[in-house]
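Novice: The residues making up each chain are set out below.
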Amino acid sequence: MSFVVEAEGLVKDFGGVRALDGLSFQVKRGEVYGLIGPNGAGKTTALRIIATLLQPTAGSVKVLGRDVVDEAAEVRRRISYLPEEAGAYKNLSGYEYLEFMAKFIAEDEEGVRAAVDAAAEISGLGERLRDKLKTYSKGMKRRVLVARVLMTKPQLGVLDEPTGGLDVLHSMHVRGILQRYVAEHGVTVLLSSHNMLEVEYLCDRVALINRGTIVAEGSPRELMEDMQASNLEEVFARVVGCG
Amino acid sequence: MVKGLLFIVVKEVKELVRDPKILLGMIIVPLIMFPLMGFAVQTSMETAEVSIGRISMAVIDLDNGPFAEGLMNFLKALNITLVEVDDLNFTEAVNYAQQADLTGLLVIPSGFSANLTGGVKADLDIYTVFRGKGIGEATSSSAVTTLLKTFEGSLVSQTIGEKIPEEDPTIVLDPIHMAERSIFQGKSVDVPADALFGLMMSQSVGMPVGMMMLLIFAMQMAATSIASEKEEKTLETLLTLPLNRFTILIGKMTGSIIVAVVGAVSYLIGFGYYMGAFTGSIPVESGVDLAAIGLAPTPVSYFLLGTSLFVSMLSALALAISVSVFAEDVRGAQALVGPLSTLLIFPMIFMMFTDLNALPFPLRIVLYAIPFTHPMLTSKLTFTGDYLTAIIGIVYVSIFTLTVLYIASRLFGTEKILTAKLTLQKLRIGKNK
Numbered sequence: 001m002s003f004v005v006e007a008e009g010l011v012k013d014f015g016g017v018r019a020l021d022g023l024s025f026q027v028k029r030g031e032v033y034g035l036i037g038p039n040g041a042g043k044t045t046a047l048r049i050i051a052t053l054l055q056p057t058a059g060s061v062k063v064l065g066r067d068v069v070d071e072a073a074e075v076r077r078r079i080s081y082l083p084e085e086a087g088a089y090k091n092l093s094g095y096e097y098l099e100f101m102a103k104f105i106a107e108d109e110e111g112v113r114a115a116v117d118a119a120a121e122i123s124g125l126g127e128r129l130r131d132k133l134k135t136y137s138k139g140m141k142r143r144v145l146v147a148r149v150l151m152t153k154p155q156l157g158v159l160d161e162p163t164g165g166l167d168v169l170h171s172m173h174v175r176g177i178l179q180r181y182v183a184e185h186g187v188t189v190l191l192s193s194h195n196m197l198e199v200e201y202l203c204d205r206v207a208l209i210n211r212g213t214i215v216a217e218g219s220p221r222e223l224m225e226d227m228q229a230s231n232l233e234e235v236f237a238r239v240v241g242c243g
Numbered sequence: 244m245v246k247g248l249l250f251i252v253v254k255e256v257k258e259l260v261r262d263p264k265i266l267l268g269m270i271i272v273p274l275i276m277f278p279l280m281g282f283a284v285q286t287s288m289e290t291a292e293v294s295i296g297r298i299s300m301a302v303i304d305l306d307n308g309p310f311a312e313g314l315m316n317f318l319k320a321l322n323i324t325l326v327e328v329d330d331l332n333f334t335e336a337v338n339y340a341q342q343a344d345l346t347g348l349l350v351i352p353s354g355f356s357a358n359l360t361g362g363v364k365a366d367l368d369i370y371t372v373f374r375g376k377g378i379g380e381a382t383s384s385s386a387v388t389t390l391l392k393t394f395e396g397s398l399v400s401q402t403i404g405e406k407i408p409e410e411d412p413t414i415v416l417d418p419i420h421m422a423e424r425s426i427f428q429g430k431s432v433d434v435p436a437d438a439l440f441g442l443m444m445s446q447s448v449g450m451p452v453g454m455m456m457l458l459i460f461a462m463q464m465a466a467t468s469i470a471s472e473k474e475e476k477t478l479e480t481l482l483t484l485p486l487n488r489f490t491i492l493i494g495k496m497t498g499s500i501i502v503a504v505v506g507a508v509s510y511l512i513g514f515g516y517y518m519g520a521f522t523g524s525i526p527v528e529s530g531v532d533l534a535a536i537g538l539a540p541t542p543v544s545y546f547l548l549g550t551s552l553f554v555s556m557l558s559a560l561a562l563a564i565s566v567s568v569f570a571e572d573v574r575g576a577q578a579l580v581g582p583l584s585t586l587l588i589f590p591m592i593f594m595m596f597t598d599l600n601a602l603p604f605p606l607r608i609v610l611y612a613i614p615f616t617h618p619m620l621t622s623k624l625t626f627t628g629d630y631l632t633a634i635i636g637i638v639y640v641s642i643f644t645l646t647v648l649y650i651a652s653r654l655f656g657t658e659k660i661l662t663a664k665l666t667l668q669k670l671r672i673g674k675n676k
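As given, the protein sequences belong to chains A and B, one line each in that order. If you're matching positions, the first sequence starts at 1 in my numbering and goes up one per residue. If you're matching positions, the second sequence starts at 244 in my numbering and goes up one per residue.
Note that these hints are calculated values from the structure, not bench results. Mixed in with the good hints there might be a few duds.
As the list claims (entries may be wrong) - Pairs of lysine-lysine, DSS-like flavour, derived with a Cα cap of 30 Å:
(1) A:Lys62 <-> B:Lys659
(2) A:Lys134 <-> A:Lys153
(3) A:Lys90 <-> A:Lys138
(4) B:Lys319 <-> B:Lys406
(5) A:Lys132 <-> B:Lys257
(6) B:Lys246 <-> A:Lys132
(7) A:Lys90 <-> B:Lys257
(8) B:Lys659 <-> A:Lys138
(9) B:Lys319 <-> A:Lys90
(10) B:Lys406 <-> B:Lys392
(11) B:Lys392 <-> A:Lys134
(12) B:Lys264 <-> A:Lys132
(13) B:Lys476 <-> A:Lys62
(14) B:Lys430 <-> A:Lys90
(15) B:Lys623 <-> B:Lys257
(16) B:Lys264 <-> A:Lys134
(17) B:Lys406 <-> B:Lys364
(18) A:Lys90 <-> B:Lys476
(19) B:Lys476 <-> A:Lys132
(20) B:Lys264 <-> B:Lys659
(21) A:Lys28 <-> A:Lys153
(22) A:Lys134 <-> B:Lys476
(23) B:Lys257 <-> B:Lys246
(24) B:Lys476 <-> B:Lys264
(25) B:Lys246 <-> B:Lys264
(26) B:Lys364 <-> A:Lys134
(27) A:Lys62 <-> A:Lys90
(28) A:Lys138 <-> B:Lys364
(29) A:Lys153 <-> B:Lys257
(30) B:Lys264 <-> A:Lys90
(31) B:Lys246 <-> A:Lys134
(32) B:Lys246 <-> A:Lys153
(33) A:Lys62 <-> B:Lys246
(34) B:Lys257 <-> A:Lys138
Please work from the sequences and hints to get the whole structure.
Specialist: Take a look at the structure:
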């Protein structure tokens, strides 16, 4: 089976602090894979390494068979990354921002237009996309950013807390577009989240991380069965030692 | 790469120019503030000029002789309003001058005409009412004195004409004609040395100030450009785009240069209007043809100056970017870049007021080591035709620029751009322990 992401023995040290400690996992093509864990578990660090922003101290990651360190440029061509608390250029309009981003991915003007149209549909913000991003609420901005990740149909979408800090309605919208887009276009998604409901709803498989290493992995249903828990929150609490 | 670079540059310019802080502070305010200041100065000066035309004096004529009459007719002919108050005593005349809002009081003592006729020094008392109304008042006062001096001059000419009829009074008073010329680069130039010095000063002041403004603007732009990416949390997304990191760096630098040039041009236009308020009313006497005396820059010197300025700007931007990588937000970046402006102000001051070769050797070395000294130096050298020194300076600044650019690209190309702040925090924690 070909994997979209293959992480093997990932270690990342920041000075004397070990953020990742031998993290290994694989993400299959077309699946939504979730990394969950307490604050400081290493989720964001793992996603940043996969997104070519950080380099591992030891271990390796391959995205679609390409090493994130040695072939970073090739990896960047195939992924689209949404950082936690990502912002957007506040003095650009929604359309200008999407167009700016699409230009780096799309091959021609037609491709840029198609991507921006797709993003406009995904975000569902209509005419508000003509306004400057600084006038947007946090939820609206996040919808534009998620639309930016998906508009070019990347082979891998890497989303760090896609609904972090959003209200119920905006969270539901983002979850809805993620689920629909993945189903329609076969995009592989690797995400991190603190929202167990969201993970249960969106993810085909989940890895529970604690102190930089995976402590449990499987589909939400498998994990709940294994832990004899009624939901993922109980699984989480038991695995990280709080339950 | 070129397409990607263009996208980044366009985005940078849009972001920077639409930032109200930059648009107002660096582009619009200089275009409005300086002309407004100039307008205020010009209006004040015009008002002062008008007030000279409205000089009015109370006069106590205790002489009633022909020279007193001649003096008053002379002043009246120059549109000075004279109010004769012979029937008032001095105190009453002073009160009158004050209440009637006159410029002052002229007292022609008894015996004024007799003294002048008899070859004895004659007294004339002038009182100016001091109201603290500013420059106009002082100008009116000095105008009265100047007019009286002119009257005195005509009296002297008249006396010479009467006593030595065979002599021309103007030659007696001013017997030597001095033709002031300068020797410049071994050639005699038909321009007084002080006029030449004035021209050189305007070059050596204007150029360094202009360059300093441009470079400071550029550094601030570059620092803002990087720090705002961090502050607005857009940097991570930008760095994961399929785009060479060096292209991002160059794109940011180019965008910063464009906005800095716009900012510096508006600053210089505004400043030009402001300075015009001072110099506009001063007649230009010299009419010196710089090209004719070999002081005008040649195409070669323009090229050298442009090259020197360009490489210096690149080094300033690379420095600003390297430093701002360590900042968390725009304010932090500007605080870090602020001290770098010392590297611009320091040589500028020396360039404005002295010749580098006249400075002590260690200070000269320090100044030559600062890359921003060289474009300012080049602006002087190109006038004197010392191209070799200018070229050596360009080579030095280019090497410096490449070194800093390499450091900036290393910082930009690795995770340092994201983790540099973490390292600093760690160091701070380490120190606190």
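Novice: Confirm or reject each hint.
Specialist: Status of each hint after checking the structure:
1. Proposed proximity of Lys62 (chain A) and Lys659 (chain B) is supported: the alpha carbons are some 22 Å apart, at most 30 Å.
2. Simply put, Lys134 (chain A) and Lys153 (chain A) have alpha-carbon atoms about 26 Å apart, close enough for the 30 Å limit, and the pair holds.
3. Our distance criterion of 30 Å between C-alpha atoms is met by Lys90 (chain A) and Lys138 (chain A), whose separation comes to about 12 Å.
4. Our distance criterion of 30 Å between C-alpha atoms is met by Lys319 (chain B) and Lys406 (chain B), whose separation comes to about 28 Å.
5. Annotation: proposed proximity of Lys132 (chain A) to Lys257 (chain B) holds, straight-line Cα distance about 12 Å (limit 30 Å).
6. Restraint check for Lys246 (chain B) and Lys132 (chain A): satisfied, since their Cα atoms lie roughly 24 Å apart, inside the 30 Å limit.
7. At roughly 11 Å between alpha-carbon atoms, Lys90 (chain A) and Lys257 (chain B) fall within 30 Å of each other, so this suggested pair holds.
8. Among the hinted pairs, Lys659 (chain B) with Lys138 (chain A) is consistent with the structure: their alpha-carbon atoms are about 28 Å apart, no more than 30 Å.
9. Our distance criterion of 30 Å between C-alpha atoms is broken by Lys319 (chain B) and Lys90 (chain A), whose separation comes to about 69 Å.
10. The suggested pairing of Lys406 (chain B) with Lys392 (chain B) holds, with an alpha-carbon distance near 21 Å, which does not exceed 30 Å.
11. For a cut-off of 30 Å, the pair hint linking Lys392 (chain B) to Lys134 (chain A) is broken: about 69 Å separates their Cα positions.
12. Using a Cα cut-off of 30 Å, the hinted pair Lys264 (chain B) and Lys132 (chain A) holds, with the two alpha carbons roughly 16 Å apart.
13. Pair hint Lys476 (chain B) plus Lys62 (chain A) holds up; C-alpha atoms about 26 Å apart against a cutoff of 30 Å.
14. Taken as a hint, the Lys430 (chain B) and Lys90 (chain A) pair is broken in the structure, with Cα atoms around 61 Å apart against an allowance of 30 Å.
15. Taking the CA atoms of Lys623 (chain B) and Lys257 (chain B), the gap is near 36 Å; set against the 30 Å cutoff, the hint is violated.
16. For a cut-off of 30 Å, the pair hint linking Lys264 (chain B) to Lys134 (chain A) stands: about 14 Å separates their Cα positions.
17. Distance hint between Lys406 (chain B) and Lys364 (chain B) is fulfilled; the C-alpha atoms sit about 17 Å from each other, no more than 30 Å.
18. Restraint check: the Cα-Cα separation between Lys90 (chain A) and Lys476 (chain B) comes to about 11 Å, which is no more than 30 Å; the hinted pair holds.
19. For the hint pairing Lys476 (chain B) with Lys132 (chain A), the CA-to-CA distance comes to about 17 Å; that is within 30 Å, so the pair holds.
20. Between Lys264 (chain B) and Lys659 (chain B) the CA atoms are separated by roughly 28 Å; this keeps the pair inside 30 Å, and the hint holds.
21. A threshold of 30 Å between alpha carbons decides the hint, and for Lys28 (chain A) with Lys153 (chain A) the separation of about 17 Å falls inside it, so the pair holds.
22. For the given pair, Lys134 (chain A) sits about 13 Å from Lys476 (chain B) by alpha-carbon distance, which is consistent with the 30 Å threshold.
23. Restraint check for Lys257 (chain B) and Lys246 (chain B): satisfied, since their Cα atoms lie roughly 17 Å apart, inside the 30 Å limit.
24. At most 30 Å may separate the alpha-carbon atoms for a hinted pair to count; Lys476 (chain B) and Lys264 (chain B) meet this at roughly 19 Å.
25. Distance restraint check for Lys246 (chain B) and Lys264 (chain B): the Cα-Cα separation of roughly 29 Å lies within the 30 Å cut-off, and the hinted pair is therefore satisfied.
26. At roughly 81 Å between alpha-carbon atoms, Lys364 (chain B) and Lys134 (chain A) are farther apart than 30 Å, so this suggested pair is violated.
27. With a CA separation close to 34 Å, the supplied pair Lys62 (chain A) and Lys90 (chain A) exceeds the 30 Å bound.
28. Distance hint between Lys138 (chain A) and Lys364 (chain B) is unfulfilled; the C-alpha atoms sit about 89 Å from each other, more than 30 Å.
29. A hinted pair counts as satisfied when its Cα atoms are at most 30 Å apart, and Lys153 (chain A) with Lys257 (chain B) qualifies at roughly 27 Å.
30. For the hint linking Lys264 (chain B) to Lys90 (chain A), the alpha-carbon distance of about 13 Å falls within 30 Å, and the restraint holds.
31. Distance check on the hinted pair: Lys246 (chain B) and Lys134 (chain A) sit about 27 Å apart at the alpha-carbon level, within 30 Å; holds.
32. About 22 Å separates the Cα atoms of Lys246 (chain B) and Lys153 (chain A), which keeps this hinted pair within 30 Å; it holds.
33. For the hint pairing Lys62 (chain A) with Lys246 (chain B), the CA-to-CA distance comes to about 28 Å; that is within 30 Å, so the pair holds.
34. For the given pair, Lys257 (chain B) sits about 22 Å from Lys138 (chain A) by alpha-carbon distance, which is consistent with the 30 Å threshold.
Hint violations for this structure: numbers 9, 11, 14, 15, 26, 27, 28, all remaining hints satisfied.
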